[in-house]
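Visitor: Sequence:
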Amino acid sequence: MQNKTKYIIAAIAAAAFMTAAYYLPAETFLAAFAGGLFLIPAAIFVYMMQSVASA
Numbered sequence: 000m001q002n003k004t005k006y007i008i009a010a011i012a013a014a015a016f017m018t019a020a021y022y023l024p025a026e027t028f029l030a031a032f033a034g035g036l037f038l039i040p041a042a043i044f045v046y047m048m049q050s051v052a053s054a
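For the sequence shown, numbering that gives the first Met the number 0 gives the first residue as 0, with consecutive numbering after it.
Because the hints were derived from the structure by calculation, they are not lab data.
Label-pair restraints from in silico Cβ distances:
hint, residue 1, residue 2, range
1, A9, Y46, 13 to 21 Å
2, V51, E26, 32 to 40 Å
3, Y22, Y46, 27 to 35 Å
4, Q1, A52, 23 to 31 Å
5, F44, Y22, 27 to 35 Å
6, S53, Y21, 39 to 47 Å
7, M48, P24, 30 to 38 Å
8, P40, I7, 22 to 30 Å
9, Y6, G35, 16 to 24 Å
10, M48, E26, 26 to 34 Å
11, Y22, S53, 42 to 50 Å
12, L23, Q49, 30 to 38 Å
13, Q1, L38, 21 to 29 Å
Since this is a predicted model, take the numbers as computed values, not measurements. Every residue, glycine too, gets a C-beta built ideally from N, C-alpha and C.
Put together the whole structure using the sequences plus the hints.
Guide: Here it is, written out as structure tokens:
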């Protein structure tokens, strides 16, 4: 498995998020919502810039 480290880190991050959601549901929702507001447009921007740079 080439990406074993990435999978392990993703599993740990998911477990941490689920634990936070169990103990702090309102705060976790707000953090995920705010993160989505910034991370999704940032990911789209990076993808578009990468497409332009490779062309």
